[in-house]
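Protein chains in written order, with the numbering used here: chain W, 1 to 285; chain D, 1 to 351; chain F, 1 to 416.
In short, the hints are calculated from the structure, not lab data.
Everything numeric in this text was worked out from a predicted model, so none of it was measured.
Glycine included, C-beta positions come from ideal geometry on N, C-alpha and C.
Accuracy of the hints is not assured; some may be wrong.
Said to hold, decoys possible - In silico DSS-like cross-links for lysine-lysine, where the CA-CA straight-line distance does not exceed 27 Å: (1) Lys82(D) / Lys149(F); (2) Lys415(F) / Lys176(F); (3) Lys68(F) / Lys205(F); (4) Lys82(D) / Lys375(F); (5) Lys375(F) / Lys151(D); (6) Lys151(D) / Lys176(F); (7) Lys149(F) / Lys75(F); (8) Lys82(D) / Lys128(F); (9) Lys211(F) / Lys151(D); (10) Lys153(D) / Lys375(F); (11) Lys399(F) / Lys303(F); (12) Lys68(F) / Lys301(F); (13) Lys415(F) / Lys151(D); (14) Lys399(F) / Lys375(F); (15) Lys149(F) / Lys174(F); (16) Lys79(F) / Lys283(F); (17) Lys106(F) / Lys174(F); (18) Lys79(F) / Lys263(F); (19) Lys211(F) / Lys153(D); (20) Lys153(D) / Lys301(F).
What the hints assert, rightly or not - Here are the simulated distance ranges between beta carbons: (21) Asp154(D) / Pro398(F): 46 to 56 Å; (22) Gly55(W) / Leu169(D): 51 to 61 Å; (23) Asn235(F) / Val104(D): 41 to 51 Å; (24) Arg112(D) / Tyr3(W): 45 to 55 Å; (25) Gly282(F) / Ser130(W): 16 to 26 Å; (26) Pro398(F) / Pro109(D): 42 to 52 Å; (27) Gln175(W) / Ala14(D): 21 to 31 Å; (28) Ser59(F) / Ala69(W): 48 to 58 Å; (29) Gly55(W) / Asp414(F): 54 to 64 Å.
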Amino acid sequence: MIYAQVVVDGLIVGLVFALVAMGLSLIYGVMNIVNFAHGELMMLAMYLCYFLWAGFGLDPLVSAPVAAAAMFALGVLIYRLVARHLLESSMVAQMFATFGMLVFFQALVNFFWKADARTIPDNWSTGHFSVGGLFFNGPELVAGLGALATAVALFWFINRTETGLALQAAAEDPQVARLLGVNTDRMYALAWGLSAATVGVAGALLATYLAIYPLVGANWALPAFVAVAIGGFGSITGAFWGGIVIGLVQTVGGFLTSPSYKLLFVYALYLLIVLVRPHGIMGKR
Amino acid sequence: MSAAALPASRAALAIPAALIAVLAIYPWLATLPFPQHIVIMALLFATMGTAWNILGGLAGQVSFGHALYFGIGAYTAAYCYKHFALSALVTWPVALVISTAAAVVIGLPTFRLRGHYFVLASVFIMQAVYIVVANWAALGAGIGIELPVYKAKDWIDAAWHLQFRDSKLPFYYAALALFVAALAAFEWIRSSRLGLLLTAVREEEDAARSLGVDTMRYKLVALVISAAFTTLCGMFYAHYVLYVEPVSTTSLVVSIEIAFVAIFGGIGTLWGPTLGAFVIIPMTELLRAYVSGRIALGMAGTLQDGGALAYLKYYAAGGGGQIDILIYGLIIILIARFQPRGVLGFFRRLD
Amino acid sequence: MRRTLKLAAAAVAFACGTALAQSNEIRIGIMLPTSGPAAKSGQDTLEGVKLAYDIINGSFDIPLPFAKTQGIPSKGGAKIRLIIEDHGGRPERGAAIAERMITQDKVHLLQGAFHSAVAAPASQVAEKYGIPFVTGTSESAALTERGFKTFFSVTPTSNDIARDFFTFLAEISKEKGVPLKSLGVIHVNDNWGSSLAQASEQLYKQYGFEKLSMISYSSPVADLRSEVLRLKADNPDVLLQASFDADAILAVRSYQALAFTPKAILAMGASFATPDFIKAMGKNADYAFSHTKFDSALIQKRKAAGEVNRMYEQRAGRPLWDAPARAFTASLVIADALQRAKSLAPEDIIQALRETNIDGADTISPYKGVRFNEKGQNVLANGLLTQIQGGQHYAVWPKEIAVREAVFPAPAWDKR
Numbered sequence: 001m002i003y004a005q006v007v008v009d010g011l012i013v014g015l016v017f018a019l020v021a022m023g024l025s026l027i028y029g030v031m032n033i034v035n036f037a038h039g040e041l042m043m044l045a046m047y048l049c050y051f052l053w054a055g056f057g058l059d060p061l062v063s064a065p066v067a068a069a070a071m072f073a074l075g076v077l078i079y080r081l082v083a084r085h086l087l088e089s090s091m092v093a094q095m096f097a098t099f100g101m102l103v104f105f106q107a108l109v110n111f112f113w114k115a116d117a118r119t120i121p122d123n124w125s126t127g128h129f130s131v132g133g134l135f136f137n138g139p140e141l142v143a144g145l146g147a148l149a150t151a152v153a154l155f156w157f158i159n160r161t162e163t164g165l166a167l168q169a170a171a172e173d174p175q176v177a178r179l180l181g182v183n184t185d186r187m188y189a190l191a192w193g194l195s196a197a198t199v200g201v202a203g204a205l206l207a208t209y210l211a212i213y214p215l216v217g218a219n220w221a222l223p224a225f226v227a228v229a230i231g232g233f234g235s236i237t238g239a240f241w242g243g244i245v246i247g248l249v250q251t252v253g254g255f256l257t258s259p260s261y262k263l264l265f266v267y268a269l270y271l272l273i274v275l276v277r278p279h280g281i282m283g284k285r
Numbered sequence: 001m002s003a004a005a006l007p008a009s010r011a012a013l014a015i016p017a018a019l020i021a022v023l024a025i026y027p028w029l030a031t032l033p034f035p036q037h038i039v040i041m042a043l044l045f046a047t048m049g050t051a052w053n054i055l056g057g058l059a060g061q062v063s064f065g066h067a068l069y070f071g072i073g074a075y076t077a078a079y080c081y082k083h084f085a086l087s088a089l090v091t092w093p094v095a096l097v098i099s100t101a102a103a104v105v106i107g108l109p110t111f112r113l114r115g116h117y118f119v120l121a122s123v124f125i126m127q128a129v130y131i132v133v134a135n136w137a138a139l140g141a142g143i144g145i146e147l148p149v150y151k152a153k154d155w156i157d158a159a160w161h162l163q164f165r166d167s168k169l170p171f172y173y174a175a176l177a178l179f180v181a182a183l184a185a186f187e188w189i190r191s192s193r194l195g196l197l198l199t200a201v202r203e204e205e206d207a208a209r210s211l212g213v214d215t216m217r218y219k220l221v222a223l224v225i226s227a228a229f230t231t232l233c234g235m236f237y238a239h240y241v242l243y244v245e246p247v248s249t250t251s252l253v254v255s256i257e258i259a260f261v262a263i264f265g266g267i268g269t270l271w272g273p274t275l276g277a278f279v280i281i282p283m284t285e286l287l288r289a290y291v292s293g294r295i296a297l298g299m300a301g302t303l304q305d306g307g308a309l310a311y312l313k314y315y316a317a318g319g320g321g322q323i324d325i326l327i328y329g330l331i332i333i334l335i336a337r338f339q340p341r342g343v344l345g346f347f348r349r350l351d
Numbered sequence: 001m002r003r004t005l006k007l008a009a010a011a012v013a014f015a016c017g018t019a020l021a022q023s024n025e026i027r028i029g030i031m032l033p034t035s036g037p038a039a040k041s042g043q044d045t046l047e048g049v050k051l052a053y054d055i056i057n058g059s060f061d062i063p064l065p066f067a068k069t070q071g072i073p074s075k076g077g078a079k080i081r082l083i084i085e086d087h088g089g090r091p092e093r094g095a096a097i098a099e100r101m102i103t104q105d106k107v108h109l110l111q112g113a114f115h116s117a118v119a120a121p122a123s124q125v126a127e128k129y130g131i132p133f134v135t136g137t138s139e140s141a142a143l144t145e146r147g148f149k150t151f152f153s154v155t156p157t158s159n160d161i162a163r164d165f166f167t168f169l170a171e172i173s174k175e176k177g178v179p180l181k182s183l184g185v186i187h188v189n190d191n192w193g194s195s196l197a198q199a200s201e202q203l204y205k206q207y208g209f210e211k212l213s214m215i216s217y218s219s220p221v222a223d224l225r226s227e228v229l230r231l232k233a234d235n236p237d238v239l240l241q242a243s244f245d246a247d248a249i250l251a252v253r254s255y256q257a258l259a260f261t262p263k264a265i266l267a268m269g270a271s272f273a274t275p276d277f278i279k280a281m282g283k284n285a286d287y288a289f290s291h292t293k294f295d296s297a298l299i300q301k302r303k304a305a306g307e308v309n310r311m312y313e314q315r316a317g318r319p320l321w322d323a324p325a326r327a328f329t330a331s332l333v334i335a336d337a338l339q340r341a342k343s344l345a346p347e348d349i350i351q352a353l354r355e356t357n358i359d360g361a362d363t364i365s366p367y368k369g370v371r372f373n374e375k376g377q378n379v380l381a382n383g384l385l386t387q388i389q390g391g392q393h394y395a396v397w398p399k400e401i402a403v404r405e406a407v408f409p410a411p412a413w414d415k416r
């Protein structure tokens with residue numbers, strides 16, 4: 001029975017990884033940039049939710065749209081200030097710019113609010129129940145389902161709306177897209193905004209049960225990078241399934257051997273996959 | 001024959017010679033341990049940055065997992081010294097063998113990857129090793145290995161144990177020697193046939209392969225040399241700090257620091273990593289020692305009732321920690337955004 | 001050229017800096033984590049240290065030695081000046097900070113470091129230079145096992161804590177008629193956490209346990225599900241825990257989420273004893289035991305505890321608790337040694353420390369007293385166990401100091 005629990009837990013956490021991974025993949029698909037600061041955007045959203053809760057008593061689930069909007073704005077800002085100028089840069093420069101943001105945001109939060117962990121103890125999703133011997137914890141389940149809903153929304157937006165299709169065009173071939181009247185600059189900004197917004201929602205969902213501290217983004221989101229790489233950079237669907245797989249592999253692997261080794265399985269999976277398919281399972285180029 | 005193969009002019013040799021001379025007499029000018037320590041650490045990172053640059057700058061393979069080799073050196077030195085009382089003077093071949101083996105085992109599969117996939121592979125492999133090391137009881141797991149302090153009887157005994165209680169000078173000159181060796185190795189490779197081949201690998205790997213060049217072999221050579229220097233630095237570190245544990249040796253933080261000094265200064269240039277190391281390391285050390293702590297002392301905060309502003313202020317009181325990292329991050333962003341060729345790019349000189 | 005000028009300027013600056021450090025004052029180097037995972041605890045501990053030395057330097061009407069006098073009387077009333085640096089929990093910084101404080105700031109003593117992993121290399125440097133290092137907060141038994149001449153630990157070690165845990169468990173198991181056969185230990189994978197693991201491994205069979213499950217993790221950690229699932233599968237009767245602040249919160253939440261209910265959770269050290277833990281966990285904090293060295297119960301037992309607690313609360317915005325209280329007592333020990341030392345030369349201070357013999361009543365800690373053995377460990381140190389009931393800590397053990405009875409076994413999570 002405990003194995004079923006392990007699998008369920010892996011799926012739930014995998015859904016949140018999936019959401020985070022999708023945002024990451026979105027930027028890469030459009031601009032060929034890996035945003036190393038993706039986890040930090042999640043962390044900032046978590047802090048925002050915390051202060052909204054501490055100051056105004058807002059439940060993180062209520063703050064989620066606020067976090068999404070705020071992070072969307074931040075994403076666009078980052079694009080305009082930094083990312084736009086990286087389009088022609090080398091891969092190394094791009095990596096370093098986003099990595100610099102990672103360091104900067106972590107230190108910024110540390111500078112103002114120290115490194116101690118904060119939590120939001122009681123919120124709307126608190127509580128737990130069991131179904132047939134399986135334990136579901138309210139916050140985590142809500143996070144998983146919320147992530148799924150957001151992922152579906154994102155997917156729908158990209159594939160079923162005109163703007164989404166324009167985004168895909170800009171990703172596919174910027175020059176042709178421009179000829180067809182797509183403003184690629186705005187599409188790139190949109191990609192960053194969307195990416196930040198979705199990871200902001202993930203942050204709000206996780207704020208209901210994770211401890212909030214400067215390193216939470218880096219720690220928690222690292223498997224999401226593996227998920228994107230496994231699914232293949234540039235493929236949102238790949239990122240989604242990659243997230244689920246990573247969640248499962250991590251939880252099951254850690255349970256079977258020892259929890260300290262759970263990330264080993266994730267890394268091993270990455271190496272196995274890229275050695276066989278160097279562009280991930282569904283990656284572009 | 002390309003320009004790179006011509007012998008260096010005398011003027012071009014004078015500047016490096018002068019700099020090395022200054023470094024050589026520095027410890028006689030700054031006799032306190034802390035300033036010496038700063039330059040020792042700068043030299044260490046300059047060495048590792050230059051070594052990284054052989055793979056990253058010359059061969060174009062950006063690795064964010066070099067701390068792995070640093071850790072191999074540090075742990076080999078620590079383990080052998082603690083359990084067999086054999087210092088790095090004796091055990092360096094062992095460390096180099098392990099390092100070379102690791103480089104080959106890692107390089108063979110991962111050099112088939114390109115772009116981000118390679119970089120991520122280097123990170124993930126290093127992280128995997130970190131997890132193993134942090135859980136391996138024989139290596140002290142999370143605690144690490146403490147090298148026993150030893151009171152040498154005379155200077156020969158001290159040299160054998162690499163334990164110099166009273167003076168940092170032996171460490172200083174050892175670091176300087178490693179540094180000069182790394183520079184020499186870099187320059188030698190760059191102006192040799194190997195350098196040309198690595199340039200081909202870096203710029204047009206597919207074309208080179210189609211011409212029959214065994215790119216894998218040359219990438220491996222670059223990696224092995226790069227790893228060797230990094231491992232020696234790790235051994236140095238173990239004997240210098242006398243305490244080896246996973247986070248300060250085999251972690252992502254260290255990997256990034258190594259890569260960053262090279263990228264900041266100028267990837268692919270001879271002096272880039274040195275410039276990077278001598279700017280970044282003293283800056284972070286001094287900031288942390290004299291500024292960060294002062295701000296973090298701050299004032300005590302008392303929590304008032306309610307209001308987001310009150311919470312913000314309460315939590316802000318006593319903040320100010322990590323200002324060195326804040327500035328470090330800002331510099332990284334600015335350099336990457338404005339001058340991705342590194343600081344040396346400002347002078348448009350690619351020596 | 002640029003580089004040379006920069007280095008020369010730095011050299012001159014350092015030379016000037018050292019010239020200023022020659023006045024009639026006593027310099028103590030304080031190293032604590034005010035950034036990193038234990039930052040809040042480090043900050044609080046620092047407030048405890050600052051309070052202690054302010055009391056020593058100034059004149060206060062508190063029933064403590066050195067409170068009424070200003071500075072150290074036998075040294076002409078010399079005041080103590082603190083040189084403080086943040087080590088952020090990184091061990092390699094410990095050595096560098098210690099060396100700088102000794103060679104540049106010319107401190108007479110070092111005090112710190114909260115993290116045992118930082119105290120280890122820092123005290124190694126101190127030993128090299130012959131400067132005394134006093135810790136009130138670093139508990140790993142390994143520290144004093146090194147037998148350094150300059151290292152002094154005022155606090156009980158992880159071995160003492162483990163023994164206290166087992167003694168308590170044996171007592172309460174008999175008292176409540178609940179047999180205990182299997183033990184779980186979850187600990188952070190560093191010097192301090194591993195020391196609890198080692199002590200448990202040595203002692204568990206002696207106290208009647210048959211099975212031991214050991215889970216370690218690296219801090220900071222984002223997610224402890226796998227670890228908790230493992231514990232749940234092993235199903236130990238009781239759980240010993242050594243975690244830092246954020247991990248502790250995450251852990252207990254995971255226990256609740258996965259309905260893992262050991263009969264008791266016993267935590268070593270700060271994290272469960274911080275006010276933040278209760279604030280964060282709400283009613284889920286209840287029934288956890290903490291091994292602590294300060295509790296409001298001491299206000300009855302130690303005459304100065306109430307006043308010090310009040311002063312601390314004014315400065316730090318929360319009541320005095322374990323870590324700052326221990327640091328406070330360590331500072332008193334240092335002042336006492338400085339008073340008795342023949343001179344401010346390191347050897348004399350070390351000699352005075354060796355001869356320390358303080359009565360527990362003159363401190364604010366539950367220790368019987370302070371007396372160091374040949375390895376520098378305070379043999380009269382002891383702690384007490386508190387249990388969180390209704391959102392407050394109450395001393396429950398040993399009996400002489402208990403204000404409430406322990407609730408054991410702990411009720412399941414959803415029945416609270």
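Results of checking the hints against the structure:
1. Lys82(D) / Lys149(F): The given pair, whose Cα atoms are some 21 Å apart, holds under the 27 Å limit.
2. Lys415(F) / Lys176(F): Measuring from Cα to Cα gives roughly 20 Å; hence the hint holds.
3. Lys68(F) / Lys205(F): violated, 50 Å
4. Lys82(D) / Lys375(F): holds, 21 Å
5. Lys375(F) / Lys151(D): Distance ~19 Å between Lys375(F) and Lys151(D) Cα, so the pair holds.
6. Lys151(D) / Lys176(F): Measuring from Cα to Cα gives roughly 55 Å; hence the hint is violated.
7. Lys149(F) / Lys75(F): The hint holds at about 24 Å.
8. Lys82(D) / Lys128(F): Holds, at about 18 Å.
9. Lys211(F) / Lys151(D): violated, 44 Å
10. Lys153(D) / Lys375(F): Between Lys153(D) and Lys375(F) the Cα gap is close to 24 Å, so the pair holds against 27 Å.
11. Lys399(F) / Lys303(F): holds, 20 Å
12. Lys68(F) / Lys301(F): holds, 21 Å
13. Lys415(F) / Lys151(D): violated, 61 Å
14. Lys399(F) / Lys375(F): violated, 30 Å
15. Lys149(F) / Lys174(F): violated, 42 Å
16. Lys79(F) / Lys283(F): violated, 46 Å
17. Lys106(F) / Lys174(F): violated, 55 Å
18. Lys79(F) / Lys263(F): violated, 51 Å
19. Lys211(F) / Lys153(D): violated, 49 Å
20. Lys153(D) / Lys301(F): With a Cα-Cα distance of about 52 Å, the restraint between Lys153(D) and Lys301(F) is violated, given a limit of 27 Å.
21. Asp154(D) / Pro398(F): 46 to 56 Å: 54 Å Cβ-Cβ, so the 46 to 56 Å window holds.
22. Gly55(W) / Leu169(D): 51 to 61 Å: Given about 56 Å between the Cβ atoms, the range holds.
23. Asn235(F) / Val104(D): 41 to 51 Å: holds, 46 Å
24. Arg112(D) / Tyr3(W): 45 to 55 Å: violated, 36 Å
25. Gly282(F) / Ser130(W): 16 to 26 Å: holds, 21 Å
26. Pro398(F) / Pro109(D): 42 to 52 Å: violated, 60 Å
27. Gln175(W) / Ala14(D): 21 to 31 Å: At roughly 50 Å between Cβ atoms, Ala14(D) and Gln175(W) fall outside 21 to 31 Å, so the hint is violated.
28. Ser59(F) / Ala69(W): 48 to 58 Å: holds, 57 Å
29. Gly55(W) / Asp414(F): 54 to 64 Å: Since Gly55(W) and Asp414(F) have Cβ atoms about 31 Å apart, the given range 54 to 64 Å is violated.
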